[in-house]
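Visitor: Here is what each chain is made of, one letter per residue.
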Amino acid sequence: MTTTRSAQACRRWIAVVDDEESVRKALHRLFTAFDLDATTFASGRDFLDALPERRPDCLVLDLQMRAPNGFDVLAELAASGARLPVVIITAHDEPETRARCLSAGAAAYLCKPVHDQDLLNAIATAINGSAG
Amino acid sequence: MLLVILLALAARAPRLGFWESYAWLVAIVVISILEAVLIGILYLEWRRRHRAERSLAERLAFEELLSEVHADLVSIQTEDIDAPVMRALARISESLGVDKGTLMDYERREAGVYHQLRWSRHPDIPIPPADVAGHYPWTLARMRAGQVNRFSRLDELPPEASVDRRSFERVGTQSHIAVPLMLDDAVLGTMFFATVDQPREWPDDLVKRLQLLAKAFAFVLARRRSDTAVRESRQLSTAIVESLPDKVVVIDRAGTIIAMNERDRTTGGSFASDEHLGVNYLDLWRRPVLGGAGAVVDVRAGVASVLAGTLAQFATEFQLTDGNRARWFEFRARPLRRAAGGAVLARVDITDRKLAEAEARSMREELARVVRMTTLGQLTATIAHEVNQPLTGIMANAQAARKFLQSATPNLEEIREIIEDIIEDDQRASRVLQRLRSMLRRRESELVTIDVNQLISDVVRFLHSDAVIRNVEVIQELEPALPTFPGDLVQLQQVLVNLVLNGLEAMAGVPVESRRILIRTERRADALRVVVTDSGPGLGDKPLDDLFELFHTTKTDGMGLGLPIARSIVEAHGGHLHASNNPAGGATFSFTLPLAGYRSGVETSSSRPSMPGV
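If you read the sequences in order, they're chains A and B.
Going by the working numbering, the residue at position 10 of the first sequence is 10; the numbering climbs one at a time, nothing skipped.
Going by the working numbering, the residue at position 68 of the second sequence is 68; the numbering climbs one at a time, nothing skipped.
Pulled out of the complex, with its shape left as it was, chain B reads as follows (with noise of 0.2 Å):
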């Protein structure tokens, strides 16, 4: 319009020279020029704020992305994190305008290939080999050492990049970014975009807002790690407690059942079954049971010790009847070796066990019965000895007071004290028979408390007729203050009886004056040792453990059967007992016991008078 008026001023004004006639043309022409600059100048200012305008729109966009992708994988259950990683990297892919979107997760790999989670804008768009690393090596050496790798266009890639070149081409791909998952200094996985229709520019802003994205995915993927190694580790200790042959049950520092891998219920209430996890452990053995030798266990008392700290492991045997059936098991409790107390007890049923020991102890006690007689009948000198000297005191007395009586002012007082006497032998004798008796008596194991050097004495002050009659000198030399112990104290005589006696025997053909048994003591660090050494002429050359074999004797009127029921007594009392001939001639056997006693850990009932047995 400004040129019209210009144009209609130009027709009406006088002929003029070229410059008067034109100047007023520049001007128009200038004022034209300016203003196209102006309007070129507006138009780039509206363009850069339109841009600005855009970008921010993006940044918003953006930001819009992110929170959402962060709060979708942030609360997502690590068990399963692919289908909403998925709908993550479809978002992103989407918002990226890009047409293939994928994650890969490096800790993840099956037959050799990283799990991979894949979007594709349309279906024909073609999928890239699994193998990444034998189809993209190149790029995935980057991927790996946790770099940023982008190319706009494929001439972009270097020539040591060929074979991924290739694998690109061959599915299309026109631009490619990749973006590492890292946490730390660590590269947990890489999510990578492509385009296929055309270049795309992956410009530096964008790479940091992938970045961004990539650190949420790479969070996920940790937790996912943390939560399959806490999964796979609890699997494992439940898979660990499970296997085992042992009801387990794990209690914690008050008693309360937190694990167990119980599942019978058998043997009634005493034991925790799957209805009791979270009950007190303790209120289930308000009973004590019974153990072993008629011991009462009070289990309950051995878990508070083990809980209190008092006692550092609680260990028992005790039977509990199912239905008809006794039943018995192993207990054990340890503490749980963890800051916040509690116990592990472990209970085993050991029933069959103790069937197969029993009927072992019933023909070891049936073996050891007939070895004690015959071995009677060996200490003929012994047992003529001790029921004749009382019947002799009563004899020569009562004959004595006969005669006294026959006098005509019998004394009265010497009479009552000739009977005093009489008693008195008769008491004895009456004490010796019942000590036979119970030598030969079929009985089962009883355990007292053993004094193993009053047991030595008793046993050669028994003996001391047929020591006195072969002409032996029997010398003790006793280690004093030696503790006791439990143990069946008529088999233990035993096994000492028919160590003595056999050496005894053995010196039969040595002169009178050098036949000796020396019977040694001594305290050993857990365990007593008992060393019975003769000066008769040795065992010989044959090997040792013959002699404990059954039915393996020398003698001429043996069964055999002496040493390996002696052997078999004192192995039931968790010790050995050994033979060797001595470099002086002669020979010598020694066993040990153990201080925790017969078969350990049994209780053990009160102690009885000694009495000697063979």
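With the rest of the complex left out, here is chain A (with noise of 0.2 Å):
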């Protein structure tokens, strides 16, 4: 788990959960460019249990992981009735698979390779929209 974190209270902080380290640390290094604070996690099950502890602002979530994957991610936070805005993340764009995390409660569907601004507005977005 790697947290970069400002001193500043109203920056955002933003969770991001994907398997490969290098997608973690780019995706580090770019909400930090963007004066967000990033904790990175390798997989669903670490988010998952660090969440109690402190909730973040926004959610960066890979699908295509090991169990528990990306949906199941979802469907748990949708059981724990957390409401968090979640920002999905795939290399894999289908209809279907769209459909399926929308109504799941993510907030937003982007493919990788993300823009950095689609990404920023995604989850300014997200958060206003829950905050809302």
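Hints in this document: simulated from the structure, not taken from any laboratory.
All values derive from a computational prediction rather than experimental measurement.
Be aware that one or more of the hints could be misleading.
Stated by the list, open to error - In silico negatives: residues of chain B with every beta carbon more than 10 Å from chain A:
(1) A27
(2) D72
(3) R300
(4) R364
(5) N397
(6) V468
(7) I469
What the hints assert, rightly or not - One-sided and incomplete, this derived list gives chain B residues near chain A with beta-carbon spacing under 10 Å:
(8) W24
(9) A398
(10) D466
(11) S590
Quick reminder that beta carbons are idealized off the backbone N, C-alpha and C, glycines included.
Given two chains presented individually in distinct reference frames, assemble the corresponding complex, making use of the accompanying hints.
Guide: What follows is the structure in structure tokens.
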């Protein structure tokens, strides 16, 4: 788990779950570059275990992972009633997968490789949507 | 004269009484009688001596005859014994003073009639019928039993020989003697003699002498028999070797060619040809030849190992160029099973088979490529994941770097690290593309050393995304430390991808929690076994072999090529692919892979990096 946190309380805190280290590292850098705090998790289980300690403002979640995969994490979040804004980023873009994620409570569904502005906008929208 | 003197004395004497007058006459008569008796004794003695001399002369003549016959018979060639035996028979018959002589060989028999050599004093003497069994049954039975059979007059024949007697009468036979030709206890033939003009005695000493001659003839017949057996056995061996479709060369322990059926010389000097008898075979193979998969075959070393006993058998395939045409040969060397050692080498031209194999292989490879292309279409999740993951890293890193550079004091160390990571991701992406390209490439079979567990792990990793998308758990139960074998990596990966993908797709309608694929490996005696079990709906009640028919499919978007190609790939590796329904539901596909590998006996090239293919 890698965490960067700014001293400013208003800074958003993003959790990233992806089983691929190079992706975690790159996304972490990207969020840092845009003044966001980021914590990365190598598996859905690591994230779910850490969730009771502190709730992120937004979760950036990969789908294709060893169990629990992205769907499982979404399902557990829904079951726990966490109402956490989730942005799905996946390499596999299929209409039915997109529909499945959105109906399972995901705020956005983006395809890898993801453009920085698209991702930041989706995160902002997700956070605002959940706040609103 | 003595009588005249006595009579003169009597005439001169005075008249006396009878006794006085005739006493001298009586004396004279007595003396005369004594004289006659003496003369008689002398005559008898002369006759006895004469007879003894004759007997001695006869014996000497016989000894001479015996030694001549022996000398003549001992040196004859057994391929043609008839002429010298006939000569000997004539000499004996003439020396015996008989009218007919016959020698019968029980080994040689044509149309039920024993081979006979016949001599007769002159052409007018009637020839007895050749069918001895029919005309002389009693005589033949005694001859076959090894008994001496003789009669001096026909009257001596017993009543049970009535058929024989009539036959003898018909040809005017007066006396007859038959002596068996015996060696140890075996009766090999009979020689018999007969007179037609007059009866004749066959005394015992003559029989003994004839028996000595019979021994000489028996020896000739026995030699002819054994030589014939040897010759026939040799002819049979030669005929067998000559009839073999393979070209066969037999060499002794030192490698010298001692026999062959090789006659063609179309392939240049590499093979032995008829002028090579006596040449050392190993010298013909100084240069190694080209075997399968570009491997070099050292025939000379292989044959030498068989001769030395360090190799139980040497078998290989290789090609030779005859003009512009490459010809393929299968070659085997096996030890010659005899005390003096040596080896039997056989080769057969398998060019036609190789061409047919190559054609079938190229068709299979083309089909397999088509199937890989279609399979790639099915593996959208996997391919998207494989390609997009590194691109995601590159994109995020590049955008982060751009952002960092906008600051007044950019952290150049951070940017350097980012660039390193971008390069690494880029390399990873190009490896993925390379891998995909290799799957779609039109290529010939490439044999490498296969570690089947590694292959399975690679394929499972490759299909990971698809398994995740389909919520299927893939479990590997791999027996550790399995031996490796030569095989075509891309093709075997294709088999496994096909089986796993079928399993993934089959479980679409199964509750998420029970979607499971188990891949097991295990060691068999000379093979490895791979078992892929799914928890899907199973294969139904239709004959399972239909699954492997071309264009048989249960999928809406399937072509029905995957399983037939998978089976043909496994079979090309010498194994078998089977399908079955699990007792507890689901399907199991299992295949064996012999450790001998792809088209066994073919050398393998060096290993290349593991490359999951579909």
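Visitor: In ascending order, which of the hints set out earlier in this document are inconsistent with the structure?
Guide: Of the numbered hints, 5, 6, 7, 8, 11 do not hold.
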